[in-house]
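Number of protein chains: 2
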Amino acid sequence: MRNITVLAGGVGGARFVRGLRDLVDGSDTSISVVANTGDDLWLAGLRVCPDLDSIMYTLGGASDEGRGWGRVGESERVSAELDAYGIGWPWFTLGDLDLGTHIARTSLLRDGLTLTETTARLTARWDLGVRLLPVTDHEVETHVEIVDADEGTSRLIHFEEWWVRHRAGVPARAFVQRGIESARATESAIDAVRSADVVLVAPSNPVVSIGTLVAIPGVAEALHRTVAPVVGVSPLIGGRAVRGMAPACLAAIGVDSTASAVAAHYGARAAGGLIDAWLVDDSDADSVPAIEARGIRCHAVPLWMTDVAATSAMAAAALRLADELRAHAG
Amino acid sequence: MRNITVLAGGVGGARFVRGLRDLVDGSDTSISVVANTGDDLWLAGLRVCPDLDSIMYTLGGASDEGRGWGRVGESERVSAELDAYGIGWPWFTLGDLDLGTHIARTSLLRDGLTLTETTARLTARWDLGVRLLPVTDHEVETHVEIVDADEGTSRLIHFEEWWVRHRAGVPARAFVQRGIESARATESAIDAVRSADVVLVAPSNPVVSIGTLVAIPGVAEALHRTVAPVVGVSPLIGGRAVRGMAPACLAAIGVDSTASAVAAHYGARAAGGLIDAWLVDDSDADSVPAIEARGIRCHAVPLWMTDVAATSAMAAAALRLADELRAHAG
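In order, the protein sequence lines correspond to chains A and B.
Numbers 39 to 368, taken from the numbering used here, label the letters of the first sequence in order.
Numbers 39 to 368, taken from the numbering used here, label the letters of the second sequence in order.
One thing to keep in mind: the hints can contain errors.
Stated by the list, open to error - Looking from chain B toward chain A, a few residues come up when the C-beta cut is under 8 Å (computed): (1) ALA82; (2) GLY83; (3) LEU84; (4) SER113; (5) ARG115; (6) GLU119; (7) LEU120; (8) ALA122; (9) TYR123; (10) ILE125; (11) LEU137; (12) THR139; (13) SER145; (14) ARG148.
Keep in mind the hints are simulated off the structure, nothing from the lab.
Virtual Cβ for every residue (Gly too), placed ideally from N, Cα, C.
Generate the whole structure from the sequences, applying the supplied hints.
And the structure:
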């Protein structure tokens, strides 16, 4: 039995895990996905967990692949009612099918279940083929510091307001993880990292997905202590994000939007950083030597997740890197 | 300005109020509806208030007249999701449009608004033409004592389980208003009764709608003290309920399902009861003398709410009874 643990954000992470799941299908492999919860929010009295749901829907075969997010065959009748009552955020539309998840989750949370227990209950409906673990049961919500153009003063807005309403078009000065001081990674998430044979860092947003996830107290220590190699996959290809708006987030923390800059930002695990190895796209092959000079083993392979087969090939390349590291260490 | 206050349950009460509203339209009349909240429930983490919503939808022109309850043009996509997650009661289907109301209400309640304030916020969307007041802001939920056929032991189930799941087909031994000891009618509801020129008791279920409403601490005293005549409309016609399952409820408290038995159960206000006058259907005209012998002024008129015009005529008959009582007193 091989245990693979993936650190993942939402849609990009979900697609990567789907490719990995297909790759290892039929082998004696268990996949645990430790998911970011920093994008979570209370909206209209309901607990919404965008990354957990993106992973659940994508792996459950229920995601809207054309639109790129949410449930396939979605409708928005309830949201129209909420708008009519003036409840919620009119620019954050909750689909009817998606609302079923939020209502069920909120009901279970109100009954006293943890988010981990709640996620286990929700995912039991779907045939995910992986164990989905929120990184923490505590509420940690990312807020974005923006500057009011008129006033010149800065203020914090919820990440989802910045991301969905402003399409990350308002410059971010900083990201603040509200509640992180008193948060703690779950034992399940820590154990998934500690007991893994391989840890993969999905090509998710390095700042608000992976960055937040790793900042949850307990995660960095687990990554530091695990004997598993930690292999990351670049979410940036030739200065562009595979999907999402990573450059707007990276700019806020002063990191260039390149595969090598993100590798340097994550840092070599041997030097107290996050990763042992890093996959970049073929088009970024010329950055491999500089990345390896930082003590991060690096390969260049095609990184566009154009379909499940291409994504499986990426996952295979990541696992090969892990094998090389183990052989090297052994 | 004439102030009319109606004590009402759900659908029957809503239809009666709609007839009254049409009747007084254009006159200088204000209608307050004090609504039963004893059927309310928490379901899938949401606060559902069937009677308040029946009144809101019916007066807002959004009720499903064919089906007799809920929203017109309703769909049930979210409920199917909740079923798939195993959340809620599979036999209590929440429509998508209806869920919009429950989500909005729950969100406002979680924000700390009272049910009265929440109801004001929700009804602001609709053009009701009346002020809709929950009788209490406290949670009072009716439970039904039933006997397990197998065990021979009695147990309590939520009213909605008895009503919707069992279609009132399991004999009820008693109705228990959980939470009523610590509940109190709102000042708004009490004031609506105290300051009314006429109080009408809608043809609603005498046990679980009007009975519960009047049992909320503060209501009986307000009814006792108001100078307004209190005129009731029989929900029973020739031993049948105009709608709903009143006979099953009346049986549990040992009251016959006749207009005169319900009048006797309510009792003459002069003798510490609820009503000064009572409207029965033409077909129950022979019971008028016996009812009047109890000190309750009584008229017989057509009581089938076949359409809004017929219902307006009933409301007009009720107001005529009130005028007679005032003339008699004056």
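Structure-based check of each hint:
Here the hint on ALA82 (chain B) is kept, as its CB sits about 5 Å from the closest CB of chain A, short of 8 Å. A cut of 8 Å between beta carbons decides the hint on GLY83 (chain B): the least distance to chain A is about 3 Å, and the hint holds. Hint status for LEU84 (chain B) relative to chain A: holds, with the closest Cβ pair at about 7 Å, below 8 Å. Interface restraint check: SER113 (chain B) against chain A, minimum CB-CB distance 6 Å, threshold 8 Å, status holds.
A cut of 8 Å between beta carbons decides the hint on ARG115 (chain B): the least distance to chain A is about 5 Å, and the hint holds. Using the Cβ-Cβ criterion of 8 Å, the hint placing GLU119 (chain B) at the interface with chain A is satisfied: the shortest such distance is roughly 2 Å. Interface restraint check for LEU120 (chain B): the shortest CB-CB distance to chain A comes to about 6 Å, inside 8 Å, so the restraint holds. Evaluation of the ALA122 (chain B) hint against chain A yields a held restraint, the C-beta minimum of about 5 Å falling below 8 Å.
Satisfaction of the interface hint for TYR123 (chain B) is found here, the shortest Cβ-Cβ separation to chain A being roughly 4 Å, below the 8 Å cut-off. The criterion of a C-beta within 8 Å of any C-beta in chain A is met by ILE125 (chain B), whose closest approach is roughly 4 Å, and the hint holds. At a threshold of 8 Å, the smallest CB-CB gap from LEU137 (chain B) to chain A is about 5 Å, leaving the interface hint in force. Because the smallest distance between the Cβ of THR139 (chain B) and any Cβ of chain A comes to about 7 Å, under 8 Å, the interface hint for this residue holds.
Evaluation of the SER145 (chain B) hint against chain A yields a held restraint, the C-beta minimum of about 3 Å falling below 8 Å. For the restraint placing ARG148 (chain B) at the interface with chain A, the shortest Cβ-Cβ distance is roughly 5 Å, inside the 8 Å limit, so the hint holds.
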